[in-house]
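S.K.: So the chains spell out like this:
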Amino acid sequence: MKTSIFLGTVAATTLMAGAGMADTLADVKARGELNCGVNTGLVGFAAPDANGNWTGFDVDICKAVAAAVLGDPTKVKYVPTTGQTRFTALSSGEVDLLARNSTWTFSRDTDLKLDFVGVNYYDGQGFMVRKDLGVTSAKELDGATVCIQTGTTTELNLADYFKANNMSYQPVNIDSNAEGEQQYMAGACDAYTTDASGLAATRAAFADPENHIILPEIISKEPLGPAVRHGDNNWGDIVRWTLYALIAAEEYGITSANVEELATSSQNPEVQRLLGVTDELGAMIGLDKDWAKRAIMASGNYGEIFAANIGEQTPIGLARGLNAQWTQGGLMYAMPFR
Amino acid sequence: MSDTHAQTVPFVRDTMLPPAEPPIREAGAVRWLRENLFSGPVNTVLTILGILIVWFLVSHFWDWFAHSIWNAGSLSECRQIIAETWGEGARGACWAVIRERWNQYVYGFYPPELYWRPTMAFGLLFVALAPVLFSEAAQIRRIVLGLAALMTLWLMVMLDAPALWLAFAAVVFLGALLVSERHPAWLLVFSILYPLMGVWFLWGGSAWGPIMVLVGPVLGWIAWRVMHPFSSLAAIVAALVIPVLWWIGYAGEAARDAESIVSFSIPAVTSDRFGGFLLSVTIGVSGIALSLPLGIVLALARRSDMFLVKSLAVIFIEFIRGVPLIALLFVASLLLNYFLPPGTNFDIILRVIIMVTLFAAAYMAEVIRGGLAALPKGQYEAADALGLDYWKAQRLIVLPQALKISIPGIVSTFIGMFKDTTLVTFVGLYDPLKSMSDAVRASTSWKGIYWEPYIFVGFIFFLICFGMSRYSMYLERRLARDHR
Amino acid sequence: MTDMSAPGNPTFRPSMLIYDRRYRSMTFQVIVFILVMALAWWLVNNTVRNLAALGKDFNFSFLWSRAGYDIPQTPIPYTSDDTHFRAAVVGLLNTLIVSILGCIAATFVGIIAGVARLSNNWLIARLMTVYVEAFRNVPLLLWILIVFAIFTEVMPPPNAFRGDDPTASMILFDHVALTNRYTAIPTLAMTNDPGSLDLGARITFNWATIAFVAVLIGGWFVRRMIGAWAQRVQDQTGSRPTTWWMSLAVMTVPSLLLIWYFGLHMVPPELRGFNFTGGLNVQNGLVALWLALTLYTGAFIAEIVRAGILAVSRGQSEAAFALGLRPGRTMNLVILPQALRVIIPPLISQYLNLTKNSSLAIAVGYMDIKGTLGGTTLNQTGRELEAILLMMGVYLTLSLIISAGMNIFNSRVKLKER
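Protein chains in written order, with numbering that gives the first Met the number 0: chain A, 0 to 337; chain B, 0 to 483; chain C, 0 to 417.
FYI, nobody ran anything at the bench for these hints, they're computed from the structure.
Predicted model, so just to flag it, every value in this text is computed and none were measured.
Treat the hints with care, since some could be wrong.
[What the hints assert, rightly or not] Restricting the straight-line Cα-Cα distance to at most 20 Å, the calculated cross-link-like pairs of lysine to aspartate or glutamate (EDC-like) are:
#1 LYS28/A / ASP231/A
#2 LYS76/A / ASP48/A
#3 LYS28/A / ASP289/A
#4 LYS403/B / GLU475/B
#5 LYS288/A / ASP71/A
#6 LYS162/A / ASP141/A
#7 LYS130/A / ASP159/A
#8 LYS288/A / GLU311/A
#9 LYS76/A / GLU475/B
#10 LYS220/A / GLU209/A
#11 LYS74/A / ASP346/B
#12 LYS28/A / ASP236/A
#13 LYS130/A / ASP71/A
#14 LYS112/A / ASP19/C
#15 LYS288/A / ASP278/A
#16 LYS76/A / ASP22/A
#17 LYS74/A / ASP287/A
#18 LYS112/A / ASP22/A
#19 LYS391/B / ASP19/C
#20 LYS28/A / GLU475/B
#21 LYS55/C / ASP231/A
#22 LYS162/A / ASP80/C
#23 LYS130/A / GLU269/A
#24 LYS55/C / GLU260/A
#25 LYS55/C / ASP110/A
#26 LYS130/A / GLU209/A
#27 LYS220/A / ASP108/A
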């Protein structure tokens, strides 16, 4: 129930003073809502539709966590964050969980006091150019104008890459993906660089995708993952194992459709532990035993989420590649549930 | 008589000739042209230059406007229709995007079934403003209130507002029209209640929250009445402290308790659903309303004889005026949480309103200071001569006149602030200009549409700001006449 | 509190702190001071506790670590290997460039539009009214976005200049190319380069530039001396010697000599590889921001100028004509000094606004101080508290410098009232 905003302020500044932010789980439960930091609008990962309903790959992670913790995937407040405000939103406690395709790097994990709990998408930075430019390799981009989003790791990678290869370039700094597309389409830059997934998504949305190519070089590793505040390990565990539950569910063939059925019929001990049939794994992280079941039912297992938002059947059309299960030669590897 | 006259002076004409037409060069359109456009070589050159500019603009943009499409599902469909109707290669404006997404530009992500609530809140704003802005002329007041009532009620009907609330709005408008005929000042009561009402309409939830907030000042007044006979100082302290204690200590609980006994609530809407012009108007109006009292205090402080008070006011005003609003917005989004007790966390919209209020208050203080300075010195001296103390002199003599002189300045501060609300896009809020257009463009059907959303949003901003500036100019002329 | 024991005063009672006018203001100030100090302490204490809770500290050492990012337009040499501090300085210089250019251009636009609005010419007056109202009543951000969009959508890409039958061509005798990335303009080169003055930290000034500045300043002083001499002659003999050719010669001849000596010439840009090289590529972000700021602020200045001219009563110019002053001198000696008195104070605040508004550079990717220190640096280091405080400090200093400078100017043009 929302009382007046004035009351809210007064209450917030006084009553909540002193309530530390160490126990995120208790805060979320008390609030009855998960505050989830997402992108301001990147189709496929997180974007509001015409009615303000959020959909996307990152959004489904938020939903799974909300389902696991609160029992209801709709109890999420999506906080759109820009590249500049995202980490502060997390560290100031404005969001409980940041699922905003952020790259896991050393300094962010340590100096910025974030905790990356896992990787939900293995990405790498690439370049997109027009076909008629006649460029087939990033090594031929000497002197080119490159559109680059500010405040991202890609900006640093780009500088490093051109320096290492002894090439020069003219950066065009842009503020959002939408702007990057506009600049690139108008020919204001020769190449557009961002995560390869983003490039594919952008290219797929063009009227003439066949006239644009993504260059073969991937110049960086971009492991994208959800992050939580440093210092609340219990909350970090919950998010980490919710993510692993989704990945493990795909490995064991648990889908949103058959999760109920498997909970009663499956003889696989790992599945039984995961779905709370045997053992009380949920209790160890402060949740009930059905937490993983609810997380999977929210929008399906990792594979379903991937396929529904960014998979080959969607306009974005990304192949699984590195993000396939380890059994399929990919890097998605859930730690054992035991 | 006429006979003799005719005989003695045979050649006198006895009827007047009709006056001759003026030469063609000195009459009608030709004369106007000569005087206004071609009165000299310099003027002729300027005119030709002007015509060239107009011709350039028209020739470049006319076909685009002329080929406007209002019915289409996507940009590609638009382009197809234009190509079919006006031939391949023709350009045209695709206003279909506005037709399809207008609600997002106006209401953001507010629940569509509740659109009537912000509409009603906006309509009632005119009633709240009537005693302040439209008190000068009964004619204007009637027109503004009447139009606001008609438009609001019509829009509410269109938006399927519940009958109960329709009746409520109708009663308020009718009451305001009637009351203002006799006692325009009585409307001030509504102006004071309006902020709480507006907040409740916009965010919803239990009505007990705003009511319990209102209880605070009532308690303070009671305390003042009770204590006054004993000690006026204690009464003032009590009147100030008791409401604060009430708000901090018990108001929230009281609202919850009252709600559990008698439930009286409308569906709550969280701040993340706010966007578009709804967000701009909310931030703008609350910013200006909150900054007015703060601005008055700052202006009085800056003109104070007390060195310390004066320097603090100067430091605050100059600091705020010295940094860009965008930096303050980043303070709101990035730093405010550092400055407040650990664990405090409230809404980004509220934080933005706080910073916008501080920003506007500094400008407001300067506007009001101008008003105070413009007041003839005799007024101050007369107040002193009457033996009024500082606060009484300010309250009864100085401020009413100074604020009236400042109204045009206040309105132009408001225009500036309203335009600046577009900057909230940089802290991740959905302003109508950039974020909303980006959101619309993110959908595959409207990818690549630039000019139409910009022109639409710019046009609405122009209408609102131009209207306000014209009204403030009218007010300025009227007030100036009063002083002569 | 010393006059507590002053003769004639009744003995001091605590209630006098409130009821006695002499002490009341003191009491009030003490209370205000305590409250403000308490508030400040509360804020600082909260910040310290919050930082401790997050395990962060408050220090500016991040300014000396490697920045790692590139900046499109750098007035002083800068590479990604430089420090965050140098990046911030580059940003500050970019802010200054767009602000100074904007202030100059906006003043011109404002004066022209303000005078034209008062013109007898119906068409011109109406056009200027439309311009002023259109810019004043629409958010600046919209104009920046629109101007920027015009540049990116309407101008041709550099590719269009290529080939035997290019679809776009350079203007001004093949010296300037308007593209959707930048405006390529010629740079100046010298055949007889005198070398540079090294100020350290890789900041250099070419001796030729220094020579030109010195010659111009010297010329200005000489011109003033000529003016003073002419005045003296006029005072003694009653007739003023013709000096315009002397002034002209003093201002131009030494510069022309320098140009000839250094062999100064223009190098037009030419298309090589992906982009124009050889010339100077002025980023569209800068041009769009500059243009939008100029037109927006110009509209406000136009109103100020118009009000200033209208404020001078007609009797003043009539009196000047009656004294036999020519129209030019009437303007210079009678109208302008009085109009300026009205114009300058609001003009200062427009300059301030323009400087602050230049922080909207973020919308067009122009790396000003908001873009470097308050943007990328903040983001890469996570030092939001330090970065934003530093940035606000810089803006505040800029504002104070502008108001101080303009106030001095204002007090000089102010009419001495008696």
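S.K.: Hints first: check each against the structure and report whether it holds.
M.R.: Results of checking the hints against the structure:
1. A C-alpha spacing of about 15 Å is found between LYS28/A and ASP231/A, which places the hinted pair at or below 20 Å, so the restraint holds.
2. For the given pair, LYS76/A sits about 15 Å from ASP48/A by alpha-carbon distance, which is consistent with the 20 Å threshold.
3. A distance of roughly 16 Å separates the Cα atoms of LYS28/A and ASP289/A; the hinted pair therefore holds under the 20 Å criterion.
4. Distance restraint check for LYS403/B and GLU475/B: the Cα-Cα separation of roughly 9 Å lies within the 20 Å cut-off, and the hinted pair is therefore satisfied.
5. For the proposed pair LYS288/A and ASP71/A, the alpha carbon gap of about 15 Å is at most 20 Å, so the pair holds.
6. For the given pair, LYS162/A sits about 11 Å from ASP141/A by alpha-carbon distance, which is consistent with the 20 Å threshold.
7. Pair hint LYS130/A plus ASP159/A does not hold up; C-alpha atoms about 25 Å apart against a cutoff of 20 Å.
8. Between LYS288/A and GLU311/A the CA atoms are separated by roughly 34 Å; this puts the pair beyond 20 Å, and the hint is violated.
9. In summary, the hint linking LYS76/A to GLU475/B is not supported, as the alpha carbons are separated by about 46 Å, beyond the 20 Å threshold.
10. A C-alpha spacing of about 26 Å is found between LYS220/A and GLU209/A, which places the hinted pair above 20 Å, so the restraint is violated.
11. Between LYS74/A and ASP346/B, the direct Cα distance comes to roughly 17 Å. Compliance with the 20 Å bound is thereby established for this hinted pair.
12. A threshold of 20 Å between alpha carbons decides the hint, and for LYS28/A with ASP236/A the separation of about 16 Å falls inside it, so the pair holds.
13. The hinted pair formed by LYS130/A and ASP71/A fails the criterion: a straight-line CA distance of about 47 Å is larger than 20 Å.
14. This hinted pair does not check out: LYS112/A and ASP19/C have alpha carbons roughly 56 Å apart, beyond 20 Å.
15. With a C-alpha separation of about 8 Å, the suggested pair LYS288/A and ASP278/A falls inside the 20 Å cut-off, and the hint holds.
16. Taken as a hint, the LYS76/A and ASP22/A pair is honoured in the structure, with Cα atoms around 19 Å apart against an allowance of 20 Å.
17. As the CA atoms of LYS74/A and ASP287/A are separated by approximately 17 Å, the hinted pair is consistent with the 20 Å bound.
18. The suggested pairing of LYS112/A with ASP22/A holds, with an alpha-carbon distance near 16 Å, which does not exceed 20 Å.
19. Note on LYS391/B and ASP19/C: the hinted pairing holds, with a Cα-Cα distance of about 17 Å set against a maximum of 20 Å.
20. In summary, the hint linking LYS28/A to GLU475/B is not supported, as the alpha carbons are separated by about 56 Å, beyond the 20 Å threshold.
21. In summary, the hint linking LYS55/C to ASP231/A is supported, as the alpha carbons are separated by about 16 Å, within the 20 Å threshold.
22. The hinted pair formed by LYS162/A and ASP80/C meets the criterion: a straight-line CA distance of about 10 Å does not exceed 20 Å.
23. Only pairs whose Cα atoms come within 20 Å are accepted, and LYS130/A paired with GLU269/A is rejected, the gap being roughly 49 Å.
24. A C-alpha spacing of about 49 Å is found between LYS55/C and GLU260/A, which places the hinted pair above 20 Å, so the restraint is violated.
25. As the CA atoms of LYS55/C and ASP110/A are separated by approximately 8 Å, the hinted pair is consistent with the 20 Å bound.
26. For the suggested pair LYS130/A and GLU209/A, the alpha carbons sit about 8 Å apart, so the restraint of at most 20 Å is met.
27. For the proposed pair LYS220/A and ASP108/A, the alpha carbon gap of about 15 Å is at most 20 Å, so the pair holds.
Hint compliance for this structure: hints 7, 8, 9, 10, 13, 14, 20, 23 and 24 are not met, and every other hint is.
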